[in-house]
Amino acid sequence: MLAPRFARGTIQPQGKTQMTGTTSRRDFLKYGSGVIGASMLPFLKALPARAAGGDVLVAVTGQTINSLDLHRTGTNRASYQVAVNCYDRLVSFGTKEAPGGGLSYDYSVIEPELAESWTISDDGLTMTFKIKPEAKFWDGTKVTAADVKWSFDRAVSVGGFPTVQMKAGGLIAPEQFEAVDDETFVIHLERPSKLSLPDLAVPVPFVINSKVAMANATAEDPWAMEYLHKTPAGSGAFKVAKWAPGEQLVYERNDDWAGGPLPGPKRVILREVPSPATRRALIERGDVQLSFDIPNKDAAELADKVTVYSTPIENCMHVVGLNTTFEPFQDPDVRKAIAYAIPYEDIFQTAAYGRGAPLWGGSTEIDDIAWPRKSPYYTDMDMARSHLEKSAFAKGFDVPFSISLSLADWMEPTALLIQESLAGLGITSEIEKIPGANWRTAALVEKRLPLHLENFGGWLNTPDYYFFWAYQKGHLFNSSNYENPEIEALVDETLHMSMEDPQYMPNIKRMFAIAFEDLPRIPLWQPALNVAANGAEGYEFWFHRQLDIRPLKGA
Amino acid sequence: MSARLTSVLSRIAQAIPVVIGVVVISFVLTRALPGDPAVYFAGAAADEASIAEVREALGLDKPMLRQFIIYVGDLARGDLGQSISSGRPVAEDLASRLPASLELTLSALLLSCAVAVPLGVLAATRPGSPVDHLCRVLVTAGVSLPTFFTGILLIYVFYYLLGIAPSPLGRLDFIYIEPDHVTGFYLIDAALAGDAETFLGALKQLVLPAITLALFTMAPIARMTRAAMLGALSADFVRTARAAGLTNRTVLYGYAFRNALLPVVTTLGMVFSFTLGANVLVEKVFAWPGIGSYAVEALVVSDYAAVQGFVLAMAFLFVLLNLVIDLAYTLIDPRIGFAAK
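Chains A and B supply the protein sequences, listed in that same order.
Sequential numbering of the first sequence, starting at -3, is according to my numbering.
Sequential numbering of the second sequence, starting at 223, is according to my numbering.
The set of hints was computed from the structure by calculation and includes no laboratory data.
Among these hints, one or two may not hold up.
To be verified - Sample of chain B residues at the chain A side, in silico, Cβ under 8 Å:
#: 1; residue: 309
#: 2; residue: 311
#: 3; residue: 329
#: 4; residue: 524
Ideal Cβ placement from N, Cα and C applies to all residues, glycine included.
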């Protein structure tokens, strides 16, 4: 029984190490399983034989998964992957080729996951979903519309991030969700929106086994937050076999998954290794098959040794924020002077090691609605000086330059290079490092940082969604306190507008033109999510920037 | 013996004000830190209302004094609170992480003593000899190399280049299941379960991080042993012993070494306590799920309960350690009265 799996295992790549005669884990698994007898523990006995055939994948990450329930308060980003891998949503996104190699989700294609089919009424206000009759939770019970309703009710009721994300798609109150019969689920919208259907494919509206959850709910905890935090109850492609926060998460395949094609590996082991140097040694040696979210530097250096996917993150930009409450930045010429003074290429090479996509030196003509897009600015100190001379601050000024300590890996080199360049204009900036826990309050809530670096990425991939968060007055990621009546009107009008609407494209182009003229945010580059694979195939980039293990295969 | 017991109890009683002080200070200090946990844990896209909800859920909307009373009340019931970042009770987190740190630190110290003490003794008995120089070089190298550097270097040589060491993936490689929890020390638990395979697996994982830490802790121990031995060897009683015709061995180990042990044990206690809390870097490099990295992560996100739990656990450990060291003094030197202290 083991023999054929063995045979497949013998052609595994070994990583590009120079030595001979060493024993990597793969060798151990291959040769070792022959001598491991029945006296061994079941885990130990089962694993080596399977690993040789690609049935077990080992991935490493630097982040900690702190909850198995995305809806809980305090659940961190790394934990979103449990919602992706262990739960199903009604719909999912398609797959396309990613720029920079590998695969990516496709925002423009909505595919079924738990829903077999769906219809949207002509007025766009009623969405009716037919749930796959064969869809079953892990405990064997059928996935019903009542489960979907309970899960959606939970997402809009628990507050915090899940509720905010649901709201983006116009999903606000439990009254909007209706379980007509076991297999028919209806959503009533207050207004038609192009964001509603995609918002059902983000990790938040996942479907929970409501019978199990309610059996473990209490009067103080009606949404079973305590129970689901440690014990997922879903219908997804993988179950959680073991979870030790700070150490590892072991996924085990659900062979009855109805949401999509059955994943290749039977077991995926995700180990938490905080040190990037250690993770790099592991992936280079081929002892782990996937290293998720590696630093740009490692991505650049590993690219010719193992397979590295560097996918520019959609709808995401690293920008310089110029706060309009700071007097010199109210002058358009000062803003343009700074935009021309930024050493873009140096920053891109130093801070990003060339990973991602440049966002400078674009054409002044806006002829499409691609976003993020290159700004028309480029490094030109003469242009910068002439703009500054036109302004009321020709002699320069002093300004604090704020960066977040928890994002120092890209913010620090970027800020240093900009600081040096601004000094050439007579603008003196002192770098102020703000602790990660304070950053959000200072930059996004109080919006009190004159000159700062910022990063926002929208999950829903339309330019108007980006503008809604980052350019509209008072909105969270508008860290520059930017306010422009035309932008306000344009975003309000366009946010829920269908992309087929004849007015959509002109509106978006106008937003771009205003944003590049007013420059509250100067685009630097589009960051990349780097993943290294050595013995795993099928990696797919997702906007949520977490590891979707479902398409992975052993090489 | 009962006199000793009463004195031990009185020592423990003396520690109570210290612990109370630690409780108050850790409570005030965590809250004095910049950062708002409610904002942090509400997530990046949260609005004012959801932040307020989170603040209420965490009990941070109450006045400081009220929060403190609730905290002390919980403490009295043995409840260290709930860590927001790990989502588990702090006591549970500490119970799983403290043994990991203790196992690593204790093995490192054992290793370190096994090398440093004999080296120090040899260096003292032969000052200026090659052994003495070796001791000096080793000690200088040990302290001057930061632990994360030694750790990465060892991984590079023994794992990456030579392939002798196992993957630096924490306490156990993923092909093993951890032994049933008895003490939380994998080596002991595996031995108790009679599982030689897991014992070896855990031991292999332990070797590199233990060597890394041992290299760092060797320096103070070797230096202190050498200095104390030099002092003891030039003392009058050693001269008397030699004059009385005792063998060199008896003089060295029976008299000089025993007298030199006091400062060595003191140093050992200090080294132990700072390594336990300060081996964050080693933990990070070897993916060791210890208490140091837990505390640092909790501090970064202003996870009050976890930070307070860590400080309290360390305080208890210190009190205990000092007690053990004081007891060790009386064993080494009977002249030191325990009750008098």
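Is the shortest C-beta separation between residue 524(B) and chain A less than 8 Å? Hint on residue 524(B): holds, closest Cβ of chain A at ~5 Å, below 8 Å.
Grab the minimum C-beta distance from residue 311(B) to chain A and call the hint holds if it beats 8 Å, violated otherwise. violated (11 Å)
Once the shortest beta carbon distance from residue 309(B) to chain A is found, is it less than 8 Å? holds (5 Å)
Tell me if the interface restraint on residue 329(B) is satisfied: Cβ within less than 8 Å of some Cβ in chain A. Since the shortest Cβ distance to chain A is 19 Å, the answer is violated.
Consistency with the previously given hints fails for numbers 2, 3, ordered from lowest to highest.
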